[in-house]
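Chain by chain, the residues:
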Amino acid sequence: MRSVKIYSTPVCVYCKMAKKFFAENNIQYEEFNVQEDLKARKEMMDKSHQLGVPVVDIDGEIFVGFDRGGFAKALGIK
Amino acid sequence: MFDLIIIGGGPAGVAAGVYAARKKMKTLLIAGELAGQSVVSADIHNWIGEPSISGLDLTEKLEKHLRSYEGRGLDIKLDWVKSVSKLGPIFEVKTPTETFQTKTILLASGSKRKRLGVKGEDEFDGKGVAWCSICDAPLFADVPVAIVGGGNVALEAVLDLEKYASKVYLLVRGNVIKGDPITQDKISKLSKVEMIYSSVVEEIYGKEMVTGLRYKIGTNSEIKELSLGGVFIEIGAVPNSDLVKDLVKLNFYNEIEIDHQTQASSLPGIWAAGDVSNCLYKQNNISAGDGIRAVLNIYDYLHR
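Residue numbers (my numbering), protein chains in the order written: chain A, 1 to 78; chain B, 1 to 304.
Since the hints were derived computationally from the structure, they do not count as laboratory data. There may be inaccurate statements among the hints.
[To be verified] The list that follows gives simulated cross-link-like pairs (lysine-lysine, DSSO-like), each with its CA atoms no further than 30 Å apart:
hint	chain 1	residue 1	chain 2	residue 2
1	B	Lys282	A	Lys42
2	A	Lys78	B	Lys77
3	B	Lys119	A	Lys5
4	B	Lys192	A	Lys39
5	B	Lys24	A	Lys5
6	A	Lys16	B	Lys77
7	A	Lys16	B	Lys163
8	A	Lys19	B	Lys127
9	B	Lys192	A	Lys19
10	A	Lys5	B	Lys163
11	A	Lys73	B	Lys282
12	A	Lys20	B	Lys192
13	B	Lys186	A	Lys20
14	A	Lys73	B	Lys207
15	A	Lys16	B	Lys82
16	B	Lys282	B	Lys24
17	A	Lys47	B	Lys282
18	B	Lys24	A	Lys78
19	B	Lys163	A	Lys73
20	A	Lys20	B	Lys61
21	A	Lys16	B	Lys186
22	A	Lys19	B	Lys77
23	A	Lys20	B	Lys224
24	B	Lys24	A	Lys16
25	A	Lys19	B	Lys24
26	A	Lys19	B	Lys163
27	B	Lys64	A	Lys78
28	A	Lys16	B	Lys64
29	A	Lys78	B	Lys163
30	B	Lys119	A	Lys19
[What the hints assert, rightly or not] Reference excerpt, derived from the structure (chain B facing chain A, CB under 8 Å, subset only):
hint	residue
31	Val39
32	Ile44
33	Pro51
34	Ile53
35	Leu58
36	Lys77
37	Leu78
38	Asp122
39	Gly126
40	Gly128
The beta carbon of each residue, even a glycine, is placed where N, CA and C say it ideally should be.
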């Protein structure tokens with residue numbers, strides 16, 4: 001089972017686009033709201049070395065921003 | 001062989017796609033995303049027909065309209081274009097994995113964010129230097145931030161950040177704000193916001209994250225400083241015209257020079273619309289109209 005995590009803020013447009021992409025491709029994901037969850041925010045910054053959302057972690061591969069091609073490759077979606 | 005390949009998925013590209021499909025032109029639209037720069041707008045008040053709509057909702061409406069023609073003469077590919085070349089009377093368009101041939105091309109590739117070009121901008125990119133105010137504003141809660149710019153996008157960033165930051169400085173290069181007076185009025189009532197006119201950013205600095213920036217006022221040599229948790233850069237855009245820079249005439253700003261009656265570029269067979277062109281006003285409504293004008297002219301060109 002793949003592990004997909006998204007670190008997001010509620011208003012973030014590219015987070016919404018990423019979640020829409022996962023939903024369309026039936027990918028389950030775990031979401032962390034880094035606006036309120038400071039522990040998750042730290043985790044996100046440790047992983048991505050930056051402060052900007054979304055950050056997506058697919059089995060340890062870290063993406064900053066909405067990267068349709070990168071997500072598809074990491075998830076094996078054609 | 002396509003009649004038309006549209007490059008770009010913002011308002012110009014989408015409007016062109018709808019009209020091309022209705023004209024039954026064999027069309028391929030290639031875009032990284034079916035979204036324009038306004039996708040990150042919290043609230044758009046000037047898209048005609050919608051008193052108020054978010055950038056994401058507008059984007060989804062445009063996509064829905066375009067996709068209603070998908071497969072009916074219109075193909076859509078979400079990918080980036082690697083190259084455009086002229087092959088005798090036709091054109092070849094390459095993505096990283098595919099090659100397509102077409103009789104005509106409409107460049108609707110928009111523009112990308114302009115950078116300040118100062119020390120610290122790259123080093124602290126994502127570490128306090130930010131580009132999407134609506135995305136990242138909540139992460140700057142209770143810290144002072146600066147927004148560099150004076151156009152509508154900069155003013156929108158003020159509104160996004162004012163909700164969270166402890167203080168918002170707007171660093172305007174000129175002595176007036178170019179953004180819409182109606183938004184300026186709104187901002188002038190916000191006590192957290194301070195405008196600094198005639199300001200020229202010299203450097204962004206910090207340790208692990210941004211801690212401040214240095215700037216000058218006008219031609220004064222005195223360096224001033226602001227302590228900050230974040231810097232949002234909203235100073236305009238540069239056109240995505242690299243793909244055709246060796247094929248068509250560009251102006252000083254690297255915008256594609258067009259015939260404003262037809263949207264045709266200097267090279268027969270290539271048209272341009274929206275922010276990548278040298279149209280005077282960069283607006284969603286105008287881009288949509290310009291994309292349509294281009295397609296109608298392309299239709300005439302193919303049928304003359």
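Tested hints:
1. B/Lys282 - A/Lys42: violated (39 Å)
2. A/Lys78 - B/Lys77: Roughly 13 Å separates the two Cα atoms, so the pair holds.
3. B/Lys119 - A/Lys5: violated (34 Å)
4. B/Lys192 - A/Lys39: Roughly 28 Å separates the two Cα atoms, so the pair holds.
5. B/Lys24 - A/Lys5: violated (43 Å)
6. A/Lys16 - B/Lys77: Holds, at about 21 Å.
7. A/Lys16 - B/Lys163: holds (20 Å)
8. A/Lys19 - B/Lys127: Distance of about 24 Å is within 30 Å: holds.
9. B/Lys192 - A/Lys19: Distance of about 33 Å is beyond 30 Å: violated.
10. A/Lys5 - B/Lys163: The given pair, whose Cα atoms are some 27 Å apart, holds under the 30 Å limit.
11. A/Lys73 - B/Lys282: violated (35 Å)
12. A/Lys20 - B/Lys192: The hint is violated at about 35 Å.
13. B/Lys186 - A/Lys20: At roughly 33 Å apart (the allowed maximum being 30 Å), A/Lys20 and B/Lys186 break the hint.
14. A/Lys73 - B/Lys207: The given pair, whose Cα atoms are some 35 Å apart, is violated under the 30 Å limit.
15. A/Lys16 - B/Lys82: holds (27 Å)
16. B/Lys282 - B/Lys24: holds (29 Å)
17. A/Lys47 - B/Lys282: It is violated: about 38 Å lies between the C-alpha atoms, which goes past 30 Å.
18. B/Lys24 - A/Lys78: Answer holds: B/Lys24 to A/Lys78 is near 29 Å, not above 30 Å.
19. B/Lys163 - A/Lys73: Measuring from Cα to Cα gives roughly 37 Å; hence the hint is violated.
20. A/Lys20 - B/Lys61: With Cα atoms ~15 Å apart, A/Lys20 and B/Lys61 stay inside 30 Å; holds.
21. A/Lys16 - B/Lys186: holds (28 Å)
22. A/Lys19 - B/Lys77: holds (20 Å)
23. A/Lys20 - B/Lys224: With Cα atoms ~45 Å apart, A/Lys20 and B/Lys224 exceed 30 Å; violated.
24. B/Lys24 - A/Lys16: violated (34 Å)
25. A/Lys19 - B/Lys24: The hint is violated at about 34 Å.
26. A/Lys19 - B/Lys163: It holds: about 25 Å lies between the C-alpha atoms, which stays within 30 Å.
27. B/Lys64 - A/Lys78: The hint holds at about 22 Å.
28. A/Lys16 - B/Lys64: Holds, because 17 Å separates the two Cα atoms, which is no more than 30 Å.
29. A/Lys78 - B/Lys163: Outside the cut-off at roughly 41 Å; violated.
30. B/Lys119 - A/Lys19: violated (35 Å)
31. Val39: Nearest chain A Cβ about 6 Å off; hint holds.
32. Ile44: For B/Ile44, the interface hint is violated, since the closest Cβ of chain A sits about 12 Å away, which is over 8 Å.
33. Pro51: violated (20 Å)
34. Ile53: This interface hint is violated because 13 Å lies over the 8 Å limit.
35. Leu58: Result: violated, 11 Å to nearest chain A Cβ.
36. Lys77: violated (12 Å)
37. Leu78: holds (6 Å)
38. Asp122: violated (12 Å)
39. Gly126: Given a least distance of 3 Å, the restraint on B/Gly126 holds.
40. Gly128: holds (7 Å)
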